[in-house]
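4 protein chains.
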Amino acid sequence: MKSFGEFLQSGDWKGEKHVPVIHAPEKVKAGETFDLRVSIGDEIPHPNTLEHYIAWIKVFCFQEGGKFPVEIAEFKFPAHGEGGNFTEPSGTAKVKLDKTGTIHAVSYCNIHGVWENTQEIVVE
Amino acid sequence: MKSFGEFLQSGDWKGEKHVPVIHAPEKVKAGETFDLRVSIGDEIPHPNTLEHYIAWIKVFCFQEGGKFPVEIAEFKFPAHGEGGNFTEPSGTAKVKLDKTGTIHAVSYCNIHGVWENTQEIVVE
Amino acid sequence: MKSFGEFLQSGDWKGEKHVPVIHAPEKVKAGETFDLRVSIGDEIPHPNTLEHYIAWIKVFCFQEGGKFPVEIAEFKFPAHGEGGNFTEPSGTAKVKLDKTGTIHAVSYCNIHGVWENTQEIVVE
Amino acid sequence: MKSFGEFLQSGDWKGEKHVPVIHAPEKVKAGETFDLRVSIGDEIPHPNTLEHYIAWIKVFCFQEGGKFPVEIAEFKFPAHGEGGNFTEPSGTAKVKLDKTGTIHAVSYCNIHGVWENTQEIVVE
Ligand SMILES: [Fe+3]
Ligand SMILES: [Fe+3]
Ligand SMILES: [Fe+3]
Ligand SMILES: [Fe+3]
Numbered sequence: 001m002k003s004f005g006e007f008l009q010s011g012d013w014k015g016e017k018h019v020p021v022i023h024a025p026e027k028v029k030a031g032e033t034f035d036l037r038v039s040i041g042d043e044i045p046h047p048n049t050l051e052h053y054i055a056w057i058k059v060f061c062f063q064e065g066g067k068f069p070v071e072i073a074e075f076k077f078p079a080h081g082e083g084g085n086f087t088e089p090s091g092t093a094k095v096k097l098d099k100t101g102t103i104h105a106v107s108y109c110n111i112h113g114v115w116e117n118t119q120e121i122v123v124e
Numbered sequence: 001m002k003s004f005g006e007f008l009q010s011g012d013w014k015g016e017k018h019v020p021v022i023h024a025p026e027k028v029k030a031g032e033t034f035d036l037r038v039s040i041g042d043e044i045p046h047p048n049t050l051e052h053y054i055a056w057i058k059v060f061c062f063q064e065g066g067k068f069p070v071e072i073a074e075f076k077f078p079a080h081g082e083g084g085n086f087t088e089p090s091g092t093a094k095v096k097l098d099k100t101g102t103i104h105a106v107s108y109c110n111i112h113g114v115w116e117n118t119q120e121i122v123v124e
Numbered sequence: 001m002k003s004f005g006e007f008l009q010s011g012d013w014k015g016e017k018h019v020p021v022i023h024a025p026e027k028v029k030a031g032e033t034f035d036l037r038v039s040i041g042d043e044i045p046h047p048n049t050l051e052h053y054i055a056w057i058k059v060f061c062f063q064e065g066g067k068f069p070v071e072i073a074e075f076k077f078p079a080h081g082e083g084g085n086f087t088e089p090s091g092t093a094k095v096k097l098d099k100t101g102t103i104h105a106v107s108y109c110n111i112h113g114v115w116e117n118t119q120e121i122v123v124e
Numbered sequence: 001m002k003s004f005g006e007f008l009q010s011g012d013w014k015g016e017k018h019v020p021v022i023h024a025p026e027k028v029k030a031g032e033t034f035d036l037r038v039s040i041g042d043e044i045p046h047p048n049t050l051e052h053y054i055a056w057i058k059v060f061c062f063q064e065g066g067k068f069p070v071e072i073a074e075f076k077f078p079a080h081g082e083g084g085n086f087t088e089p090s091g092t093a094k095v096k097l098d099k100t101g102t103i104h105a106v107s108y109c110n111i112h113g114v115w116e117n118t119q120e121i122v123v124e
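If you're matching them up, the sequences are chains Y, G, F and D in order. This note's numbering numbers the first residue of the first sequence as 1 and each following residue consecutively. This note's numbering numbers the first residue of the second sequence as 1 and each following residue consecutively. This note's numbering numbers the first residue of the third sequence as 1 and each following residue consecutively. This note's numbering numbers the first residue of the fourth sequence as 1 and each following residue consecutively.
These are calculated hints, taken from the structure and not from any lab test. One or more of the hints may lead you astray.
It does not matter which identical chain is used: a pair holds within one copy or between any two.
Here are the simulated lysine-lysine pairs, DSSO-like style, with alpha carbons at most 30 Å apart [said to hold, decoys possible]:
| hint | residue 1 | residue 2 |
| --- | --- | --- |
| 1 | 17 | 94 |
| 2 | 94 | 29 |
| 3 | 67 | 29 |
| 4 | 27 | 2 |
Isolated chain Y, as found in the complex:
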C-alpha cells in the first residue's frame, strides 16, 4: 500500500512555485503570540484561475521529543475570479507555541497535488 506521504512533494520555493513558504521568526517566547504566515509563489507566482489554483494550506506544529503533530492553522483560498475577486495563496495566523519544534506547512493545488515545507522554530 502506497502511503499518502509519498505524494507530498517539496523543493526550493525559489525555483518551484508550488512549495509553501513559511514566514516565521526563528525564535519565539513560550506562550507569546506571533505572526505565522504561509504563502505560495513568493518568487514565481502560481496561477489563480477557475481551472488551476491553490485551494488550501494547512499548518502543523511538531514538538521536539513529541509524538504527534498538532494542527495550528488552516487557510482556504476560495475566490479565483468570481466577480473579479481573487484570494491569493497567502495566509497569516496568530499562534502561541509552548516548546521548540518544527512547523510543517502542507498545501494543495487542484492540478499539481500536495506540497510541503518545514521550518524549525526555537521556543524559549
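Given the structure of chain Y, go ahead and fit chains G, F and D with the ligands onto it with the hints provided.
Then chains G, F and D with the ligands, alone, in the frame of chain Y:
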C-alpha cells in the same frame, strides 16, 4: 420558518468580544492585492480553551449593484491548547477586488453561535 | 449596514436547484446516532464544473428554547472535473442530538451565493 | 528535514481506533455516481469529547499512472458535546471517478495526530 440569518448577531466589537473586526483599507485599487485581516477580541479577548473557542471566520464580498456575495477568505483556528499550542482568532488574507462593495465577516463561537460585521470598501 | 442574513436565499428545492435539501428523520431519540444527509439538486441537478459549482454545505442545530445554533456538520465538495473526478453536492453525517429543535443547512454556490433550508426535528 | 509524511500513521482499523475506514465499492463505472463513506472507530469507538476528538477526514483519489492525487471529499466534525450535540466521525460523499486508482483517506485526531488508509478502486 426561521431564517438562519436571524441567528447572526452583531454589535460594537469594542464592547462585545464576539464581533469580528475587519481590518481593511477604506480604498483599494481594482486588481491590486491588499491585506485583509479579520479578528475577534481585539479589545476584550475571547477565551481560547478546549471548551470554548472561536472555530472559524469566513469573509464574503458583495459588489455594489451585484446580486450575490462571493466568498473571499476562510480561516479555521484549530489549536486550543493541545500540547500547549494555540491558534488565536485572527487571520490575514491577500485579496484582489474588482468593484466597490461591502466586506462581510461571519464568525462562529462553539458556545455563542454566529456573529457578523461589515465594512464598505471603495475600489477605484 | 446590510446584514449577511439578507443574502441567504431560500425557496422550494423542487423548483430552485440551489436550495439545500435536508434528509433527516422527523423524530429521533436523544443521544442516538442517526444519518443526516444534505444535498443540492435532488430534482434539478446543479452544474458541477470548474467555473460553477457548489463549494460547501454547513449544518447547524438550534434547540427549542436555546439561544445559539451549534454547528453539527460541514461538507466541502472539492473536485469539479480534475482528472475526471467529481464530488457531487451531497454529504451525510452521523449526529446525535439532545433536544428538539431545527436543523439549518447553509450552502454556497461560487456564482449564485448563499442558500438555506430548515427542518424541524423532534428529539424524544 | 523530516517530511510530514512520516507523521502519517496507519494500521489495522479493527485494532487501532484512529485508522480511517474506507467504505467504497471495489468496482465502479466511469462517470457513475457512487457513495464513498469514510469513518473512524467502526470497531473500537474513538472518544468524542471537547478535549479529544476526530476533527476531520480528507479523501484523495490517485489515478493509476497519474502524477498527482486529486482531493475528492472533505468532512469536518464540529460538535463534541456543545448543547448535547455530537458529530460522529463518519462522512459520506457522492463521487464520480474516471479511472482506476487508489482512494486515500487522511484523518486528524486533535491529540493523536494524522492517520491514513488506502483502498484500490477499479473503474470500468
Ligand atoms: Fe499548480
Ligand atoms: Fe464565546
Ligand atoms: Fe449556481
Ligand atoms: Fe485520539
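Hints, one by one, checked against the model:
no.	hint	in the structure
1	17 <-> 94	both (25 Å within a copy, 17 Å between copies)
2	94 <-> 29	both (13 Å within a copy, 27 Å between copies)
3	67 <-> 29	within (22 Å within a copy, 39 Å between copies)
4	27 <-> 2	between (36 Å within a copy, 19 Å between copies)
Checked against the numbered hints above, the structure violates none of them.
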